[in-house]
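Participant: Chains as they are written, first to last, in the working numbering: chain A, 1 to 344; chain B, 345 to 623.
Honestly, I wouldn't trust all of these hints.
Quick list of in silico lysine to aspartate or glutamate cross-link-like pairs, DMTMM-like style, CA-CA up to 25 Å [what the hints assert, rightly or not]:
id : chain 1 : residue 1 : chain 2 : residue 2
1  : B       : Lys481    : A       : Asp182
2  : B       : Lys614    : A       : Glu202
3  : A       : Lys56     : A       : Asp182
Footprint (simulated), chain A over chain B, 3 or more residues, beta carbon under 8 Å [stated by the list, open to error]:
id : stretch
4  : 444-455
5  : 538-550
6  : 595-608
Simulated from the structure, these hints should not be mistaken for lab results. Even for Gly, the Cβ is constructed at its ideal location relative to N, Cα and C.
Listed below, chain by chain, are the residues.
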Amino acid sequence: MTHHEVASRDDSEPVRIRVSDLHVSFADRSRRWFGSSLGASPRIQAVKGIDLSIRKGECLGLVGESGCGKSTLARAIMRLTPVERGTIALDGRTLESKATRQRVQMVFQNAHSSMNPRMTVEAIVSDPLRFDDRCEKSERADRVSKVLCVVGLDDHLRRRYPHELSGGQLQRVAIARALVLDPDVLICDEPVSALDVTAQVEILAQLKEIQRERSLTMLFITHDLDVAYSICDRLAVMYLGRVVETGSVSQIARQPRHPYTFFLNSASQRLQHDSPILGGEPPSPQNPPNGCAFHPRCPIATDRCRSQSPELVTPEGQPISQAAACHHSDRVVQLQKLTTTNQF
Amino acid sequence: MKSTSALIDVADLSVRYARGELPVLRDVSFSMDPGESIALVGDSGCGKSTLALTMMRLLPADAMVRGSIVLGERGGSGPIDILGTDERTMQSVRGKRIAMVFQNPIGSLDPVMRVGDQILEVILAGRKSARSATRSKALQLLERVGIADPSRLARAWPHELSGGMAQRVTLAMALAGEPELLIADEPTSALDGNVQAQIVELICECRRDSGLSLLLITHDMAVADALASRVCVMNENRIVDDLPIEAANASNRHAATRRLVEAAASKRQKVAATMDGGR
Ligand SMILES: Nc1ncnc2c1ncn2[C@@H]1O[C@H](COP(=O)(O)OP(=O)(O)OP(=O)(O)O)[C@@H](O)[C@H]1O
Ligand SMILES: Nc1ncnc2c1ncn2[C@@H]1O[C@H](COP(=O)(O)OP(=O)(O)OP(=O)(O)O)[C@@H](O)[C@H]1O
Ligand code: SF4
Ligand SMILES: [Mg+2]
Ligand SMILES: [Mg+2]
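Required output: the full structure, derived from the provided sequences and hints.
Facilitator: Structural data, given as structure tokens:
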């Protein structure tokens with residue numbers, strides 16, 4: 001077995017973004033909420049020890065349960081959240097100076113709170129262009145029109161304010177703002193979850209095209225596996241602040257090697273068929289389980305799982321592009337049988 | 345004459361925003377029976393959230409509204425004319441008789457008030473109960489929407505919540521008021537399959553146990569299928585189809601209905617193909 005970081009097999013392209021040993025935690029500063037004094041509360045470990053790299057022109061999908069730390073990871077890369085430990089590099093250099101940061105743009109999960117309510121759509125989208133020396137003032141309007149067209153926003157909405165748009169329209173503005181500077185790296189946090197299926201398909205196709213045309217590198221956060229499968233090249237599956245599995249889309253979709261990934265797949269089918277669904281309580285980031293964090297909900301957990309935390313490694317006999325953090329990754333295939341014969 | 349037994353009756357509703365050139369809703373009519381569950385679907389920008397806000401009378405003051413919305417009588421109090429009644433009556437309607445989960449959950453929370461206090465406020469509004477009982481009810485609600493550590497979340501400020509947590513907190517708040525009608529605007533759009541299934545289960549439970557009626561706005565046809573028995577399809581500011589959900593698949597429906605059903609089906613097929621390939 002080899003120790004593994006979430007990296008691509010396609011060695012021909014250089015690594016654009018590399019995240020190493022990233023830790024982010026938050027203080028639980030809040031005083032007690034009447035009566036529920038907890039004494040000194042431990043910190044909330046939102047991201048603990050994530051290693052990942054994305055090559056130029058690649059789209060890495062980040063999936064996982066609500067609250068597992070996806071947005072925190074993204075915000076840390078954008079330097080919007082203080083990093084406790086670890087490094088983030090763009091083309092091999094620490095991502096710090098403002099100049100390099102302009103090459104990285106983000107579509108935020110909550111479009112509303114990421115926009116100045118007193119600016120019109122036009123002003124919001126053209127605002128980042130102030131930082132682009134190559135773009136003359138006279139060109140700005142043109143660039144804005146182009147990018148609004150790419151995201152499919154009607155031109156007559158340009159003079160509106162954010163609160164005067166529907167949820168889906170606002171989401172398109174958020175994507176336009178992130179694209180207008182023509183970034184090298186685009187981080188998307190649930191960019192299409194506010195859109196109807198037809199609009200989703202449209203926007204994803206546009207993003208895919210831009211990605212191909214300009215070798216755009218993407219980190220794509222989504223809770224929707226359907227969306228992840230349609231746009232990403234590789235996926236990283238997170239659980240409670242860690243990456244628990246990584247692999248190409250087809251590996252994750254067809255041969256998951258971590259039980260959590262298995263349940264994620266089956267949940268995406270759940271409302272149509274009677275697929276097995278993950279039971280148990282989601283864990284608390286303030287008080288994580290010992291050993292493997294997934295053990296309280298894992299149907300194939302053993303004593304070893306309860307005491308020893310598994311590392312992200314390539315399972316024996318698997319191509320190096322896939323890796324899972326599970327002591328019993330060879331038994332995940334059995335879950336399908338076990339769950340269909342109703343053993344859980 | 346409309347049947348007076350309806351829970352809520354919307355008739356010939358038209359809405360136009362002051363800064364919009366055209367009406368956003370045109371002659372929208374539908375009515376809901378007590379305990380009924382309707383999915384409202386349609387393309388982005390067709391007016392779904394506007395309809396929901398109008399039913400809560402939360403539109404900006406300069407919006408032009410025509411038509412009528414009547415909330416059925418309950419326990420001695422007569423029917424309420426939502427568009428015509430005074431603000432005090434509306435305050436007793438909002439949260440208690442009709443509760444809403446907004447499409448932008450973080451925006452609907454008060455940024456300077458702890459999450460737990462906001463839920464308490466809803467539970468306590470107009471009711472007399474012991475603070476401690478209320479507190480455990482608030483924590484219990486957070487647990488029911490799948491929050492791992494309710495006591496931490498109760499103490500948290502809204503900006504400390506993840507996107508999916510904020511969505512579930514606003515659902516907990518809406519349910520805290522034990523409303524007759526829940527208007528939920530994309531209540532599961534930020535949630536993964538497992539949590540989504542849990543939320544669907546919770547809403548079903550409330551419908552069984554307390555006869556909650558549901559007006560569900562969603563672009564996810566699978567969620568609509570799981571929660572609603574009737575579907576209203578909106579297209580270009582009108583309701584163009586109103587039918588039992590099983591009938592949505594039929595071929596003789598409005599083009600907008602067919603498009604929605606087909607888009608959802610093709611998305612499903614694509615995933616199934618990706619996943620089945622190797623099995
Ligand atoms: N500023 C903060 N202060 C305290 N805790 C925070 C803060 N921001 C995030 N958290 C906590 O960190 C954890 C991870 O949150 P994050 O927003 O990264 O989740 P997520 O994976 O993006 O979830 P979702 O899919 O619901 O958006 C959560 O438990 C959240 O409550
Ligand atoms: N305050 C406002 N002033 C002017 N126009 C507005 C205002 N609010 C909404 N609109 C417009 O009204 C139309 C309907 O908006 P609404 O939010 O009801 O759509 P929706 O069906 O909920 O869409 P989505 O699925 O994208 O949330 C949109 O075209 C929007 O731009
Ligand atoms: S390490 Fe053990 S508990 Fe963790 S996922 Fe694997 S089998 Fe389950
Ligand atoms: Mg998030
Ligand atoms: Mg809306």
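Participant: Of all the hints given earlier, name the ones this structure violates by number, lowest first.
Facilitator: Hint check: 1 fails alone, others pass.
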